[in-house]
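One letter stands for each residue in the lines below.
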Amino acid sequence: MSRQAYRSTLSESAGTIHTLESMTSRWERIDPSDEGKTQVLHGICRMCMQGDCATKITLEDGIVTRVEGAGTDIPPNYGNLCPRGNSAAMNLYNPYRVKAPLIRTNPEKGLDVDPKWKEVTWEEALDYTAKKLKEVRDEDPRGLAICEGWGNRETIVRVPFKIAYGTPNEIGAHGSFCTVHYGTGLIHGNFPVSVVDLEHCEYHITLGRTIGPNFATVPGTRKLSQALERGMKLVVVDPRSSHEAAKGEWVPIKPGTDLAFLLAMAHSILFEVGRYDVWFLKNRTNAPYLITPGGDYLRDEATGKPMMWDLSDSTPKPFDASFGDLALEGSFEWKGQTCSTGFTKIKEGFKEYTPEWAEKISTVPAATTRRIAREFIDHARIGSTIEIDGFTFPFRPVSLNCERNVMNHKGGTHADLVGKIINMLAGAIEVPGGCLGCGYRGGAAIAPSPDGTMFPGYESHDRPFVFPPDLTMQSFYPNSHTTPHLTAAALRNPEEYHLEYQLKAWLNLGGNLIRFNAEPEQYIEMMRKVPFSVSIAYQMDEPTFLSDVVLPEHCFMERERLAPFWPQHQATSDEVSGLQMLQYRQPVKPLYNTMHVDDILMELAERIGILRGEGGVYDIMNHDVDYIIKEDGLNLREPYLLDINTKHTRQEIYEKQVLSWKYNQGETFADVQREGHLVKWQPKKTHYTYYYYPDNQTRHEFYIMNLKHTADRLRANLEKHGVKFPGVADQERDVFRFYNPVPFWTGSPELDDIPPEYDLWAMNWKSPYFSSDVGGCIGNPWLAEVYKKDPWEAVICLNAATAARKGLKDGDWVKVSSRYGSVEGQVRTSQLFHPDAVGISGGYGLGSLHSNPLYRRGPLFNQLITSREDTLDPISGGIELAPCVKIEKKEGGRA
Amino acid sequence: MRYGMLIDLNKCVGCNACTVACRNNNGTPAGVSLHKLLKYEAGVYPNAKMKFRPMPCMHCQDAPCAKVCPTGATVQRPDGIVDVDANKCIGCRSCITACPYDSRQFIWDFGDYYEQAQPTRLEQKRRLEFQKGTVVKCTFCLTRLQQGKVTACTATCPSQCRVFGDLDDPNSEVSRAIVDKGARPFREELETHPSVYYAGG
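Chains as they are written, first to last, in this note's numbering: chain E, 1 to 895; chain H, 1001 to 1201.
Do not take every clue at face value.
Claimed, not checked - Listed next, the in silico PhoX-like pairs over lysine-lysine satisfying Cα-Cα at most 20 angstroms (straight line):
| # | chain 1 | residue 1 | chain 2 | residue 2 |
| --- | --- | --- | --- | --- |
| 1 | E | Lys-589 | H | Lys-1125 |
| 2 | E | Lys-504 | E | Lys-134 |
| 3 | H | Lys-1039 | E | Lys-788 |
| 4 | E | Lys-109 | E | Lys-788 |
| 5 | E | Lys-233 | H | Lys-1051 |
| 6 | E | Lys-789 | H | Lys-1039 |
| 7 | E | Lys-789 | H | Lys-1051 |
| 8 | E | Lys-662 | E | Lys-630 |
| 9 | H | Lys-1088 | E | Lys-788 |
| 10 | E | Lys-680 | E | Lys-662 |
| 11 | E | Lys-37 | H | Lys-1125 |
| 12 | H | Lys-1049 | E | Lys-789 |
| 13 | H | Lys-1088 | H | Lys-1067 |
| 14 | E | Lys-56 | H | Lys-1132 |
Derived from the structure by calculation, the hints contain no laboratory data.
When you get a sec, could you build the whole thing from the sequences and use the hints?
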């Protein structure tokens, strides 16, 4: 059968109105020319957000029979794969995939209402969608919102499409659960998070996160295993004795109280241990900067530069002057005002946070907090150095790292920042052994601003105040991650949010804001109301099921891909530090009548009239710079720019990207295709950004001035437009109080003045089978066989003593209720949980009439949480992920 | 030559990559897995920990399964691997009862991977490698060994907790690691003389 004839069989059922059965029972022909052949393809895994494991895909008779790690000598996974990666063939052979373009014929929308999908040709689907999107654009391009998410993080056209279309409204579906970026942006100039240097670290404290097992799994676990074998001590502060807690010391903590523990640890270092890296604080932070009573830097009148105090002549001098005896600590009279150093401000602020004070909140024994604080400093080897590639670095083999379950609370940004302050006290920022940013490893990450401190990077750099605001509402949350919850709030209350235009069209591209957000109903309602919605979809997930048009995309193994290597999210070591690499995925032939996501977007762009010409998709691509790794990415440059007036295939674009790559030494796209990767190791020293600005050439914010400056600008902008901060009753109490340069115990609506029957706190975590739901893991039957046997998956975990107190035993059906929602499930009693915790893993449950039945089984943790504005972290916009809950037995079993 | 394996429980993080790699490599039907990973907990709060024990077949030198097999379907090969000849297996399941490690499974029927849907292309193809009414078990990925590879579970393990090799060679990596780590078989008192050793835990 010719390729053309093969394709034509894929669309012969156009016009059919589909039922679930007619969609799932359909298997397309195998290309007959593949019969009798064994083929091996280069793959790149995408069963997690990291998505960089090199794989080898074996096909026999055109059928994928095995997916394995590419080879023991091939970075970054060196032949390993995680359970999800090993299940990738089921992502391809998934009968619940969307198999052809569909248009809804039933206008009524709901998760249990049959859309009565009509199968159409690609021409019909693209023409119809483009016509609708063009109408919206002609009226006001801001009327389109693009919802991206884990379902597709590989498109290279989405952002250029958005810019060319002219909408500012790109909304990450999951971002309100992922407000983990502020401290890393500010202190490391990196995105998304900061990680531990497992090559050298000797004492690692991890809170509210996984080092590997529950996230990308291979990269973190490989390095953790090696670090533990060479003797690194691991301390896991978590309400749950996790996979990694099994490998170290578990310090149980009440959910949502990490900020109290961190404040007490910092207090103990400052007031009890009494040792910290004075050299680092004086030379590499703004700790010695003088702070006026108003909270600003004391500035030199002539130069405007922040000043520090010289004890040798009792005068302040600009930070870059030479000092006889620089004061780190103290308060000094100068021109009629008393100025304290940033260090003193922080120290005074933390004075009340004794370990005993914190114990009352977090339940971590004061003696434990003290011991950990002391051990952290003891292991920091303050004053030592290490030589790497001929360059001498400070050597600080300790790192404290926090993530989602620390930051996704009201006050979570403060917890993030106190974690950074603790690392700064040990001098363990961006030096070997310490805490490192995990994205861009170039010098610009920590380049100094005129104030001597590094420029705030990524999300710590406040966005411009747009007024009237965009649908994202990020004008009011200038340091937020993504904000679907605020979009939903604004659409419900357009006047309060000063929204001056309407949402007219919704383009879903891999995002699932129904399952992976708080209060699913609000998004179902939003999708019911939007006049036109289209989903570029792999499977019939909830937002796709509610769409008007479904444009089916290839699954990841069918999706040709050229990608640069991004430094990994959970940990680093010499296995990957200094690694500059391109990876290539050879596509498996598509099973169904699907298209490559970027071909879909380019086809839509062409039809809308935004593909070519100035300001079109190609023009934007010519100027685009990789968001994460900047100049190290696949950025087009002269003489390899795209002709903006000619249509290009994806392969032509890949060719130009390879030729433009900074590390290219004459290789072509064909070379990368043949090998599956192109590896260019750089010196290890370039992985530690200290290298670019050593000694006192740049400074990190120890005193978090960025918060104050952001608040000053936000307040001025609100006043300029005569508006109040939307959605909250008291903007001083609920918002501006948090923009304090000295982190403090903020309190929480889930801890203070709560009704007495809410005597437990819910918590959620990722698992080896569920890592942000990339790859549709819950619906994958190979993973389901494993997670169904896992004692702590898809159940409601309770400390055994707590269960006994409540009269509950294993297998009892219970209803867990927060003040915002409830879930039902079966109890698993365990010694692995804090007595105050109710643990619910992953993202099970919800689903729709047409979804894989595995998606319909809970419990779905997200039904317990809220996106009410007064419960959010006002800086990051993060949702509170430890709601107080009550638990009741459901007599008679399942409801 | 006797094939054997060391599993370092101090390194295993219980992710089940091994279990799914086994399915991925061997294409076992739904509900049938040649590898399992026991996850349990030990200790009392706050001194409680997750525990993990990955379990391929132990490939016992004194294999109870082989002793009870009435047809000679289960044999111990000269390289130590305990294998089943599906053509000789009559499905009596005596071996399943005899195995103290629960390493054997019986194929009652071919279930489908996906619920309420047709069997996938992959399972349609790979079912041909199995026979209903027979017992199946881990063979240390015999086909992979013949290709000069290690077992799928060893190759995939993100914590690199497994070492595979020749137990008869005292200088092999696996033999040395067993000595260095003081590794012992699981339930050694059963005296079946397994070829799988565990360290730590």
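Checked hints:
no. : hint                    : verdict
1   : E/Lys-589 / H/Lys-1125  : 17 angstroms, holds
2   : E/Lys-504 / E/Lys-134   : 11 angstroms, holds
3   : H/Lys-1039 / E/Lys-788  : 12 angstroms, holds
4   : E/Lys-109 / E/Lys-788   : 32 angstroms, violated
5   : E/Lys-233 / H/Lys-1051  : 19 angstroms, holds
6   : E/Lys-789 / H/Lys-1039  : 9 angstroms, holds
7   : E/Lys-789 / H/Lys-1051  : 14 angstroms, holds
8   : E/Lys-662 / E/Lys-630   : 11 angstroms, holds
9   : H/Lys-1088 / E/Lys-788  : 33 angstroms, violated
10  : E/Lys-680 / E/Lys-662   : 10 angstroms, holds
11  : E/Lys-37 / H/Lys-1125   : 14 angstroms, holds
12  : H/Lys-1049 / E/Lys-789  : 18 angstroms, holds
13  : H/Lys-1088 / H/Lys-1067 : 15 angstroms, holds
14  : E/Lys-56 / H/Lys-1132   : 31 angstroms, violated
This entry does not satisfy hints 4, 9 and 14, going by the numbered hints stated previously.
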